[in-house]
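Kindly generate the complete structure, drawing on both the sequences and the hints.
Going by the working numbering, the residue at position 8 of the sequence shown is 8; the numbering climbs one at a time, nothing skipped.
Incorrect hints may appear among the rest.
Claimed, not checked - Cβ pair distances, simulated, as ranges:
#1 G49 to L84: 17 to 27 Å
#2 T81 to A3: 40 to 50 Å
#3 A3 to T42: 29 to 39 Å
#4 C17 to T40: 22 to 32 Å
None of these hints come from the bench; they were simulated from the model.
Heads up, the beta-carbon is just placed ideally off N, CA and C, and yes, glycines get one too.
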Amino acid sequence: MLASWTVTLVGSAAAVCTTVAFLPQLLRVWRLRRAEEISTTTFALFSAGTLLWFFYGIFLQAWPIILANGFTLVLAGAILTLRLAWGDAPRPRVG
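This is the structure we're talking about:
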């Protein structure tokens, strides 16, 4: 049987990895001011699933689930919002 701290460490590492994974995509979309390559359907479904995980964490009063999914929802929601705003916009001129 694994020690409680080991399980917590593995869960925390997984939460950090899966949450922070969206940051490079968000920064790229923001920097390029374009998002046509982002799948609206994928990010809408992912955001809906993340919102459900967030509520699941609230129901269980499980702070790791609440925090990880709350932050992930913000990042994925931002990407989805930018996709809807900039998705089919022409590429801006640089310089």
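Now for the hints, and whether the structure bears them out:
| no. | hint | result |
| --- | --- | --- |
| 1 | G49 to L84: 17 to 27 Å | holds (18 Å) |
| 2 | T81 to A3: 40 to 50 Å | holds (41 Å) |
| 3 | A3 to T42: 29 to 39 Å | holds (37 Å) |
| 4 | C17 to T40: 22 to 32 Å | holds (25 Å) |
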